[in-house]
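> Protein sequences appear in the order of chains A and B.
Its first residue numbered 66, the first sequence is counted upward by one per residue in this note's numbering.
Its first residue numbered 41, the second sequence is counted upward by one per residue in this note's numbering.
None of these hints come from the bench; they were simulated from the model.
Straight line, CA to CA, 27 Å or less: simulated BS3-like cross-link-like pairs of lysine-lysine:
#1 B:75 to B:204
#2 B:386 to A:146
#3 B:188 to B:54
#4 A:103 to B:101
#5 B:352 to A:131
#6 B:371 to A:146
#7 A:103 to B:121
#8 B:120 to A:103
#9 B:75 to B:198
#10 A:103 to B:217
#11 B:391 to A:146
#12 A:103 to B:118
#13 B:391 to A:139
#14 B:453 to A:139
#15 A:131 to B:386
#16 A:131 to B:453
#17 B:539 to B:745
#18 B:371 to A:139
#19 B:383 to A:146
#20 B:183 to A:103
#21 A:131 to B:350
#22 B:188 to A:103
#23 A:131 to B:371
#24 B:453 to A:146
#25 B:481 to A:146
#26 B:383 to A:131
#27 A:131 to B:391
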Amino acid sequence: MKQKTAQIEKLSRSIPAFRNRKLISLASTPALLLFTVKDLLYWWYLQMPYYYLISLNRLLLVADDKLSLSALLKTFFLPWKRDYSALGHIMGIIIRIIYLPIGTMIFLSILTVYLLFITAWLALPPITIFFIATTPFLKIFKFEQ
Amino acid sequence: MNNSYLSRVVKQAKQKTILGYHDKRVNKFGVMGTKQLPILTSEDYSTFLVTRDHNFVVETKQIEILLNNYMVTARFRKLKKQLATILILPGILISIGFVLKLLGFFYDYPTLHSILSSRLVNWAFWISVLGVIISWHDYFRLKSHPIKLPETPPIPEKQAKAIKTAGFKFARYIQLKAFYFLSEESQRLLAKYYRRGIFDTLEFFAEILTAKDTQRILERANLEIDVHEFETKSINSTTIPDYPTAGLRCIILYALEDAILTESHEIRPEHFFSAFFKVFPTLKNLLNENNSSVDLIREIIRFFNREEEKEKASNILNPDTIYYRTGGVGKFWIYGYTFILNKFSKDITEKVASIHDRFGIGHEREIEEITSILGRMSNKNVLLIGEPGVGKSSIIKGLAQSILAGQVPPHLKNKRIIQLDVTGLLARGVGEGNLEQLIQKAMQELSSAGNTILYIDEIQEIIPAKSDQSGTSISSIMLPYILESNFPIIGTINYADYKKFFYSNESLRQSFDSVEVSPVFPTDALEILETIIDDLEQNYDMYITFPALTAAVELSQRYISERKLPDSAVRTLEATCSWAQSKGIRLLDDEHVAKYISIQTEIPVDSINAEEATKLMNLEQNIKKRVIGQDEAVNKTVESLKRARTDIRDPNKPIGVFLFLGPTGVGKTHLAKVIAQEYFGREDGKEDIIKIDMSEYQDTDSINKFLGSYERDSMGQSSVTLLDKVKSRPYSVVLFDEIEKAHARVLDLFLQLFDEGRLTSNRGETINFTNCIIICTSNIGSKLLLDALNDEKALWEEAKNRAIIELRQAIRPELLNRFDDVIVFSPHTVENLVKITEILLTELADRISEKGISITWGKPIPVLIANKARVPGMGARPLKRYIQEKVEGRLATEIIQGSLQKGSEIEIKSEWLN
Numbered sequence: 066m067k068q069k070t071a072q073i074e075k076l077s078r079s080i081p082a083f084r085n086r087k088l089i090s091l092a093s094t095p096a097l098l099l100f101t102v103k104d105l106l107y108w109w110y111l112q113m114p115y116y117y118l119i120s121l122n123r124l125l126l127v128a129d130d131k132l133s134l135s136a137l138l139k140t141f142f143l144p145w146k147r148d149y150s151a152l153g154h155i156m157g158i159i160i161r162i163i164y165l166p167i168g169t170m171i172f173l174s175i176l177t178v179y180l181l182f183i184t185a186w187l188a189l190p191p192i193t194i195f196f197i198a199t200t201p202f203l204k205i206f207k208f209e210q
Numbered sequence: 041m042n043n044s045y046l047s048r049v050v051k052q053a054k055q056k057t058i059l060g061y062h063d064k065r066v067n068k069f070g071v072m073g074t075k076q077l078p079i080l081t082s083e084d085y086s087t088f089l090v091t092r093d094h095n096f097v098v099e100t101k102q103i104e105i106l107l108n109n110y111m112v113t114a115r116f117r118k119l120k121k122q123l124a125t126i127l128i129l130p131g132i133l134i135s136i137g138f139v140l141k142l143l144g145f146f147y148d149y150p151t152l153h154s155i156l157s158s159r160l161v162n163w164a165f166w167i168s169v170l171g172v173i174i175s176w177h178d179y180f181r182l183k184s185h186p187i188k189l190p191e192t193p194p195i196p197e198k199q200a201k202a203i204k205t206a207g208f209k210f211a212r213y214i215q216l217k218a219f220y221f222l223s224e225e226s227q228r229l230l231a232k233y234y235r236r237g238i239f240d241t242l243e244f245f246a247e248i249l250t251a252k253d254t255q256r257i258l259e260r261a262n263l264e265i266d267v268h269e270f271e272t273k274s275i276n277s278t279t280i281p282d283y284p285t286a287g288l289r290c291i292i293l294y295a296l297e298d299a300i301l302t303e304s305h306e307i308r309p310e311h312f313f314s315a316f317f318k319v320f321p322t323l324k325n326l327l328n329e330n331n332s333s334v335d336l337i338r339e340i341i342r343f344f345n346r347e348e349e350k351e352k353a354s355n356i357l358n359p360d361t362i363y364y365r366t367g368g369v370g371k372f373w374i375y376g377y378t379f380i381l382n383k384f385s386k387d388i389t390e391k392v393a394s395i396h397d398r399f400g401i402g403h404e405r406e407i408e409e410i411t412s413i414l415g416r417m418s419n420k421n422v423l424l425i426g427e428p429g430v431g432k433s434s435i436i437k438g439l440a441q442s443i444l445a446g447q448v449p450p451h452l453k454n455k456r457i458i459q460l461d462v463t464g465l466l467a468r469g470v471g472e473g474n475l476e477q478l479i480q481k482a483m484q485e486l487s488s489a490g491n492t493i494l495y496i497d498e499i500q501e502i503i504p505a506k507s508d509q510s511g512t513s514i515s516s517i518m519l520p521y522i523l524e525s526n527f528p529i530i531g532t533i534n535y536a537d538y539k540k541f542f543y544s545n546e547s548l549r550q551s552f553d554s555v556e557v558s559p560v561f562p563t564d565a566l567e568i569l570e571t572i573i574d575d576l577e578q579n580y581d582m583y584i585t586f587p588a589l590t591a592a593v594e595l596s597q598r599y600i601s602e603r604k605l606p607d608s609a610v611r612t613l614e615a616t617c618s619w620a621q622s623k624g625i626r627l628l629d630d631e632h633v634a635k636y637i638s639i640q641t642e643i644p645v646d647s648i649n650a651e652e653a654t655k656l657m658n659l660e661q662n663i664k665k666r667v668i669g670q671d672e673a674v675n676k677t678v679e680s681l682k683r684a685r686t687d688i689r690d691p692n693k694p695i696g697v698f699l700f701l702g703p704t705g706v707g708k709t710h711l712a713k714v715i716a717q718e719y720f721g722r723e724d725g726k727e728d729i730i731k732i733d734m735s736e737y738q739d740t741d742s743i744n745k746f747l748g749s750y751e752r753d754s755m756g757q758s759s760v761t762l763l764d765k766v767k768s769r770p771y772s773v774v775l776f777d778e779i780e781k782a783h784a785r786v787l788d789l790f791l792q793l794f795d796e797g798r799l800t801s802n803r804g805e806t807i808n809f810t811n812c813i814i815i816c817t818s819n820i821g822s823k824l825l826l827d828a829l830n831d832e833k834a835l836w837e838e839a840k841n842r843a844i845i846e847l848r849q850a851i852r853p854e855l856l857n858r859f860d861d862v863i864v865f866s867p868h869t870v871e872n873l874v875k876i877t878e879i880l881l882t883e884l885a886d887r888i889s890e891k892g893i894s895i896t897w898g899k900p901i902p903v904l905i906a907n908k909a910r911v912p913g914m915g916a917r918p919l920k921r922y923i924q925e926k927v928e929g930r931l932a933t934e935i936i937q938g939s940l941q942k943g944s945e946i947e948i949k950s951e952w953l954n
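Could you put the whole structure together from the sequences, leaning on the hints where they help?
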């Protein structure tokens, strides 16, 4: 049963129409407008953030692979190119100590930029509504000096 | 040409869907037949589709709401789009203005400066942003969250059987509404042709037919269906009628089934298109007339889907595709150097990472087995054993892909597969003067690298055969490393070489775990061919249709026995492309593949044209003209030949297996030769008849002689056996003469040969006899038959039965039982001998006419020859000798004397026969 519920959840994530499990008629204009607004909000605030998080996960996976961060961390104490001499060990640690902070910074930058983008995405509709609403209609034609 | 190719190719595909119906009046559930699907328009019935985990349903009311909603929302969306565009336009201008203002362009234009700073402009800007939000939602909604059908693995056979016998158990399925999976375009088209509760099926079909996606399917299928020819093809509103909304339930479900079967994510118009061929007999007939099938259309849709997936996979940031981890910048810091090895090896993993095709198709079991062996603590070497062309190299690439995708246990993650270039190694070793040292260095590198799997293709290349062993063997230098198992090694070899090289080397054999690689199924071979279509089309500048692919799979499997699927199919297709290019052909279809195979193998595999059909129809008469007095034998053999040519026979058995019984000279061997000439098309028939005298296989040791040996003689040659002959000419008449004289153990081999149509040689090769006609002859009971010759008919029948009884005593029943027919040849009467004489004289006349001399004879001459030459119990042979002596001898003398010259005419005189 749990498995079934999980499958339904998985499905509902991938199919936007799934929230409309009961198909309603959109023959009247108010119903149509209400549906459009609900559909936009559902997509903007539920589906897209989830989509962006999945994309972020993939982006970080690619970044980690290209930058070899987790691979280098896991093998932190392994010598440079498996040269088991003292020099190999020292080289391995030195290079990792130099490289890992640079790699981590690039990684974190990507993460930050992406998170900022998601935040902006979430904030855009209320900001837009706010600015439209707070611009006093009567003062519209008053030019600033 | 033959639409059964694909049916045979896809028949092994596992069942993924079951269509069911519910009779609400009696509350009965049942499974729908698959041959022709009905459109149920009554609300008393409902239909549903089950997969392994899901039950898809659709209701009339839902369809009505959906289509009405679509019509309303379509108009609304259009309006919304126009409005959003209008809102965006001022925003673009304002944005440009802001930029220019920031850059100081408007210092000289204070009015513009002021306008841009006004609240009105600010307000307009934010209105435009709202327009952007609306437009983006409209544009990106389906792209970010496309409709996705759930995964549908095959229904286990047990479950499918239980449904058919005990009915559906709905509690086990997740119920889904089918219409949720309709694509935007499908909804648009359904809504377009749905008016006041009636669906215009014909117009809907006509529009789908002209759609771009359908046209490309038809092109690949080499099919032409023109909307303007609908009336002439009986495609009208009677054959494809309008349906009420209830009928749409079935149409949507059938399209959904096609979407599932074609591995699509949503129900697109082309799924309606393919589903219609299952529903309307007129359309089905249309496909049959064009030698096509629904299976072919489905396969093409599947192909286009895979192509789309491949394109998506090229974007590494697409979260819906598998990401192949390459290791990144630090890859070479973690693992050891392989500087020396790199000089004579290539990195398979790196190569595979850049290709988005799928490797190891049809070899999932083998890849799993290798993965498990490679994960062991010790003895982690694998030897892939399989016939040439079964896809051993593809398995390695498939394994590399699994490693890159991370779909392997932790111990295999980050491993790379390095392929050793044995020729390069030897060349370098000889160049540097110390092969042993070079190998040792390379092996040490591999040991310390820590992430490598060594792959040696054709591993026998490093193991010299004992008979011609010279110098240092690479395997002997590598053996300590192989035994230590510091790094895994994967080798590939075929059965014959495995027997030859590994049986004699116990330590080497023990150090590898064998994984047997079987040929892939035709469905997998077809999928592999689909992956190379693009390359072939670009390389040979032609368009390859799907019938060509299916023909390549089917025909290569049947007629190219020396290589196995998938390689045989790939090579056939490539070679056909090359041949077609030289002939100026730009569109490759199944006829071309068949033609090419016919040319290559000299087997008439191309379609039966009118001329050949006439030939087949007249085959019996033609053979009877040349084989006198053996009508029963001729009838039975011709029947099996007709079955073979029309593909009705069992493809896993020889074309026919006959035992010809009768005294010498009655025409047993002659009939075999005539069959070879008449059916296999050779003029002389010599090449297509393989005659084996079974008296040469009388002792126990002869079994080795029969199955061939890999031992070579002092001249380095191995003898050519029956198996070699059949291997080189798989489409022949094989004549085993006097089988009763062979040793019983040799006859035991015939059990497998007659039953399965194959034999395995001592070299480990499997030889295919399924395209052979096997004829065994025996003289058992000859005396009985001869004695009955001059007696009455009743006695002849009795003699025949007694001969058969004698045969049963001499040959084991299990062998006798495997013959398609035991045919008793009757001894020749004088009338038959006269006819045979006429044939022999005609043949002589034909031969001599080549020298420009014509020869005639009177009616009494054949009678005279037959009577004079006849020796009771010796059949027709004495006639030949007599004609040679009396007629040919006389003609030869006259030619030498010069009395017979070109243009002369001579009559055979009765004096010559004295």
